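*Asks:* Below, each chain spelled out in residue letters.
Number of protein chains: 2
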Amino acid sequence: MKIALCQIDTTVGDFAGNAAKIVAFAERAAAAAADVAVFPELAVCGYPPEDLLLRQAFAERHDAALAEIAARAPRELDLLVGCIAANVDASSGARPLHNAVAHVHGGGHRIVARKTLLPTYDVFDESRYFEAWRAPESNIVELHGMRVGIVICEDGWNDATFFDRRLYAIDPVERVVAAGAELVVNVSASPWSAGKVAFRGRMVEAAAVRHGVPMVYVNLVGGDVELQFDGGSLAVKPTGAALQPVVFAEALQVVDTAAPWTEDVVAPPTEQAHHGAIVQGIAAYVRKFGFDSCVIGLSGGIDSALVATLAVDALGADKVVGVGMPSSYSSEHSVADARALAQNLGIGFHVLPIAPLQQAFDGVLDPVFESKEFGVAEENLQSRIRGTLLMAYANKHGHLLLTTGNKSETAIGYCTLYGDTNGALAPIADLWKTEVWALARWLNRDGVRIPVSSIEKPPSAELRPDQLDTDSLPPYDVLDPVLESLVVHERSVAATAELTGMARAEVARLFAMVQNVEFKRYQFAPTLRLSERCWPGRRMPVAHRYREA
Amino acid sequence: MKIALCQIDTTVGDFAGNAAKIVAFAERAAAAAADVAVFPELAVCGYPPEDLLLRQAFAERHDAALAEIAARAPRELDLLVGCIAANVDASSGARPLHNAVAHVHGGGHRIVARKTLLPTYDVFDESRYFEAWRAPESNIVELHGMRVGIVICEDGWNDATFFDRRLYAIDPVERVVAAGAELVVNVSASPWSAGKVAFRGRMVEAAAVRHGVPMVYVNLVGGDVELQFDGGSLAVKPTGAALQPVVFAEALQVVDTAAPWTEDVVAPPTEQAHHGAIVQGIAAYVRKFGFDSCVIGLSGGIDSALVATLAVDALGADKVVGVGMPSSYSSEHSVADARALAQNLGIGFHVLPIAPLQQAFDGVLDPVFESKEFGVAEENLQSRIRGTLLMAYANKHGHLLLTTGNKSETAIGYCTLYGDTNGALAPIADLWKTEVWALARWLNRDGVRIPVSSIEKPPSAELRPDQLDTDSLPPYDVLDPVLESLVVHERSVAATAELTGMARAEVARLFAMVQNVEFKRYQFAPTLRLSERCWPGRRMPVAHRYREA
Numbered sequence: 186m187k188i189a190l191c192q193i194d195t196t197v198g199d200f201a202g203n204a205a206k207i208v209a210f211a212e213r214a215a216a217a218a219a220d221v222a223v224f225p226e227l228a229v230c231g232y233p234p235e236d237l238l239l240r241q242a243f244a245e246r247h248d249a250a251l252a253e254i255a256a257r258a259p260r261e262l263d264l265l266v267g268c269i270a271a272n273v274d275a276s277s278g279a280r281p282l283h284n285a286v287a288h289v290h291g292g293g294h295r296i297v298a299r300k301t302l303l304p305t306y307d308v309f310d311e312s313r314y315f316e317a318w319r320a321p322e323s324n325i326v327e328l329h330g331m332r333v334g335i336v337i338c339e340d341g342w343n344d345a346t347f348f349d350r351r352l353y354a355i356d357p358v359e360r361v362v363a364a365g366a367e368l369v370v371n372v373s374a375s376p377w378s379a380g381k382v383a384f385r386g387r388m389v390e391a392a393a394v395r396h397g398v399p400m401v402y403v404n405l406v407g408g409d410v411e412l413q414f415d416g417g418s419l420a421v422k423p424t425g426a427a428l429q430p431v432v433f434a435e436a437l438q439v440v441d442t443a444a445p446w447t448e449d450v451v452a453p454p455t456e457q458a459h460h461g462a463i464v465q466g467i468a469a470y471v472r473k474f475g476f477d478s479c480v481i482g483l484s485g486g487i488d489s490a491l492v493a494t495l496a497v498d499a500l501g502a503d504k505v506v507g508v509g510m511p512s513s514y515s516s517e518h519s520v521a522d523a524r525a526l527a528q529n530l531g532i533g534f535h536v537l538p539i540a541p542l543q544q545a546f547d548g549v550l551d552p553v554f555e556s557k558e559f560g561v562a563e564e565n566l567q568s569r570i571r572g573t574l575l576m577a578y579a580n581k582h583g584h585l586l587l588t589t590g591n592k593s594e595t596a597i598g599y600c601t602l603y604g605d606t607n608g609a610l611a612p613i614a615d616l617w618k619t620e621v622w623a624l625a626r627w628l629n630r631d632g633v634r635i636p637v638s639s640i641e642k643p644p645s646a647e648l649r650p651d652q653l654d655t656d657s658l659p660p661y662d663v664l665d666p667v668l669e670s671l672v673v674h675e676r677s678v679a680a681t682a683e684l685t686g687m688a689r690a691e692v693a694r695l696f697a698m699v700q701n702v703e704f705k706r707y708q709f710a711p712t713l714r715l716s717e718r719c720w721p722g723r724r725m726p727v728a729h730r731y732r733e734a
Numbered sequence: 186m187k188i189a190l191c192q193i194d195t196t197v198g199d200f201a202g203n204a205a206k207i208v209a210f211a212e213r214a215a216a217a218a219a220d221v222a223v224f225p226e227l228a229v230c231g232y233p234p235e236d237l238l239l240r241q242a243f244a245e246r247h248d249a250a251l252a253e254i255a256a257r258a259p260r261e262l263d264l265l266v267g268c269i270a271a272n273v274d275a276s277s278g279a280r281p282l283h284n285a286v287a288h289v290h291g292g293g294h295r296i297v298a299r300k301t302l303l304p305t306y307d308v309f310d311e312s313r314y315f316e317a318w319r320a321p322e323s324n325i326v327e328l329h330g331m332r333v334g335i336v337i338c339e340d341g342w343n344d345a346t347f348f349d350r351r352l353y354a355i356d357p358v359e360r361v362v363a364a365g366a367e368l369v370v371n372v373s374a375s376p377w378s379a380g381k382v383a384f385r386g387r388m389v390e391a392a393a394v395r396h397g398v399p400m401v402y403v404n405l406v407g408g409d410v411e412l413q414f415d416g417g418s419l420a421v422k423p424t425g426a427a428l429q430p431v432v433f434a435e436a437l438q439v440v441d442t443a444a445p446w447t448e449d450v451v452a453p454p455t456e457q458a459h460h461g462a463i464v465q466g467i468a469a470y471v472r473k474f475g476f477d478s479c480v481i482g483l484s485g486g487i488d489s490a491l492v493a494t495l496a497v498d499a500l501g502a503d504k505v506v507g508v509g510m511p512s513s514y515s516s517e518h519s520v521a522d523a524r525a526l527a528q529n530l531g532i533g534f535h536v537l538p539i540a541p542l543q544q545a546f547d548g549v550l551d552p553v554f555e556s557k558e559f560g561v562a563e564e565n566l567q568s569r570i571r572g573t574l575l576m577a578y579a580n581k582h583g584h585l586l587l588t589t590g591n592k593s594e595t596a597i598g599y600c601t602l603y604g605d606t607n608g609a610l611a612p613i614a615d616l617w618k619t620e621v622w623a624l625a626r627w628l629n630r631d632g633v634r635i636p637v638s639s640i641e642k643p644p645s646a647e648l649r650p651d652q653l654d655t656d657s658l659p660p661y662d663v664l665d666p667v668l669e670s671l672v673v674h675e676r677s678v679a680a681t682a683e684l685t686g687m688a689r690a691e692v693a694r695l696f697a698m699v700q701n702v703e704f705k706r707y708q709f710a711p712t713l714r715l716s717e718r719c720w721p722g723r724r725m726p727v728a729h730r731y732r733e734a
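Just so you know, the sequences run in chain order G and B. Remember, the numbering used here sits 185 above the position in the first sequence when you count from 1. Remember, the numbering used here sits 185 above the position in the second sequence when you count from 1.
In isolation and in its complexed conformation, chain G is listed as follows (with noise of 0.2 Å):
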């Protein structure tokens, strides 16, 4: 049996779009003589549709593009596809929909397959939307004389002999296997995450060995506001035998189950598959929001400098504006950075003074300011009249505006909220600001397109005179593992300081930082997801008295 690995790139709620889509590589897949061409999970309607799902109508849209599909595609292929379905059992008590998968075959459509793990931590919330299926080993369809069992994502995230901690009692490729599954076909949205891609070839790998079939990932690729889908689809059998994933780009695969499999899965290094991930999440949520290039505040510092670059990557650089917006406190070298920045880009570039506007505020707030020490007020003033500034330019010229911060700064709250967080999207706002620097070497691997003096030079706000981060935090390199440790494992301060070394007190003071700024996060701008433990997924509350000493 052929089958096409039908990797796309879908947009939730755009169901003439996506339908046209499922159809063309439909047809691609019929010419390339496939039996059976596999989608994602939800690709008719896209993922994640969120509480969309809610809306009668958007399941009526939704059956009707599916119908669509059935009726365009070509009929002697048998089509797997991702969908919505109606729990029949739900007057009884229930959730309405289940996430499903249909046969499209024929010109006609039912669904054979229904998700019985629905994630629901980190970013994900299934539960809130789908009824979980009870059964899961009826999940099988028989395909050219083959019986094909059906998971849907997490379905496949259970295997009790390769995770050591499992969520759920269940694991359904087990069940689908027991009940006669010759080969399981895993229908996916999985978002990627540093590491992820291996992991997921590990993973498949293992199920293939142990269970004794041939295993097929097909994910959903392409961003979606906060959540990069990589595709990264597999085919994996019990020798071993594999495919190689094709990674943020959209793909079509043919693989015959009854041919040889020779090909190792070899996973893209760090730098290179953050960089993928981030290029595809600004192209992708500048492109949905129905914008064509952006603006960004350039402060001859490392983050905007990488959020420049990666921008020009993902949108050209005809596309992308920087501004900079120098103050009585910016060093000599902040304007010329972000100058040989633009340069070496190709980019706009424009130098807007703050000093006459700090002086139009000092004027108009003298009045009411009784205390006139510099504190913090005056910080975040500049921070404010600068993301004034660029939001001003934005609307103007119909750019959308990019936040710089990265995820050390956003932890301890090293940002002034309508200021330097102003903005549509952040596209490093998961990276350690040890990251940063990483990914920008990588980035002048072949040639200097970040400054060297951006990466080197020791990083400052510049909100106040010879300001440094290191005045009130340890360099970067001591601090992200603590970090790391507090926010991404939950590790408490005690085991933080024992781990890391750092003196507990001082540990204790940073994870009081960190659980302090949540409202600056509750309002912070949309965050690309690039770990498993991003701001996004992780929801804490905006005002509680909890610390660790």
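One thing to keep in mind: the hints can contain errors.
As the list makes no split between identical chains, a pair holds if one copy fits it or if it spans any two.
What the hints assert, rightly or not - Capping the alpha-carbon separation at 25 Å, the derived lysine to aspartate or glutamate pairs in DMTMM-like fashion look like this: (1) K504 x D551; (2) K642 x E555; (3) K187 x D441; (4) K557 x E647.
Keep in mind the hints are simulated off the structure, nothing from the lab. What you are looking at is a predicted structure, and each value in this text was computed from that prediction instead of being measured.
Using the hints, position chain B against chain G.
*Replies:* For chain B alone, kept in the frame of chain G given last:
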């Protein structure tokens, strides 16, 4: 048996404070000769703890606090206390925690009930944290010779004879009664929304009548950022005899199962309840955030006037400051109405004209603004200058900034990100404009606090000459029911047009406006939840292509 309903206000993560309060109420219950004292859901750690539950250290601190409560509470008293409990079956594939109730007595404690129905909709994410308990019939403890069945919040909200539509197949109340419970206690954290007090009364009475046993419903009170718990604890006998609930205040009420209960449940009228919820919400947020005062931009319009009045009722007039920021487009009455309000309320008031700042921005932006035509950029700039002034004032004086947007304008995006959306809390963003007027008139019932002119003048953003909201929108008494249908009930454009009589193309235009500005709500301030469908509980994709015609 005498039961003390301990309606307390807890703080998330404040283990010492919550434990001290539980012990203090237990002592008061013992002094009132109660046999049993019942506390709300998750009283030990506060509700909702969200991702703090993922920290092992949090669970350890919780268990220590529960042990301390047991050691310090009166030994002869039986306490039923909402808490978390380890899931002993987690190793076989399950969530590690249950939402539970501990029976505290004689210096020790044991878990006697676990939650079966985990709300995972609206603002609730309990499936993210807890394993559902499959055997609610085991939630029975014998106290003073009486078999007491225990359910936890949502467990009491799935009666097949009371609800038309059910999310779950199991009714835990039915199960504990069938297993012999002679009294059912509901340990709850049920947030308020309009009409909730009366609804709960009907629901609990229906259960008491149906099952022929008394029902005791002990609810949390107090504000936790967005969620406002009204308390409103209930005790109802099968005869319908009840205890009058106390709303928006801590309370300890003792009922004797052997004595007659005679009162009717009287729920507060809508405006009084809105007032109670919002005042509690502002006070709780400001206090839990470690502040004691706030600043509000006063435009002379109804929204900011209402927020200032509610803030005075929450914090006191000496803790509220108003700032008027007229531009050249502001009408003459704007500052006059704002000043009159400040005088009526007895709050501080400053006027900071923004013309010098508009001129300064115009000067800096002039070289990069090729088109000088007045447009969205210029409108937004005024709002962002005001937002920056307010934040500077708030930062300098240690106030929290309150956001004054209402639900109608937040729905359609008549607000400027990083401008008038700035603020730590949005007290009225879940009130339609028509509800804003109703609440303002109610606040003036014993004399004018909000100037009549602010209530009666036509709404205007005053961002360009002679601008009125009705230039581009229908009047609010026409608009609000349409938005309610689209946003709260998620009815289709077609159904909404039919229901309201508005032309279908106009409804489609409004629906597209709502869907197009999800990015503004994504970065909006925490919003007090006053309805069953508030912005934090409506989770829509930020970028998608779904429209209805």
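*Asks:* Each hint should be assessed against the structure and marked as holding or not.
*Replies:* Verification of the supplied hints:
Within a single copy, K504 and D551 get their C-alpha atoms only as close as 40 Å, which misses the 25 Å cut-off; across copies the closest is 21 Å, which meets it. Proximity of K642 to E555 under the C-alpha cut-off of 25 Å is found in neither arrangement, the shortest distances being 37 Å within a copy and 35 Å between copies. For the identical chains of this complex, K187 and D441 are intra-copy neighbours only, at 4 Å inside a copy versus 74 Å across copies, given an alpha-carbon limit of 25 Å. Proximity of K557 and E647 under a CA criterion of 25 Å is satisfied intra-copy only: 20 Å inside one chain copy versus 32 Å between copies.
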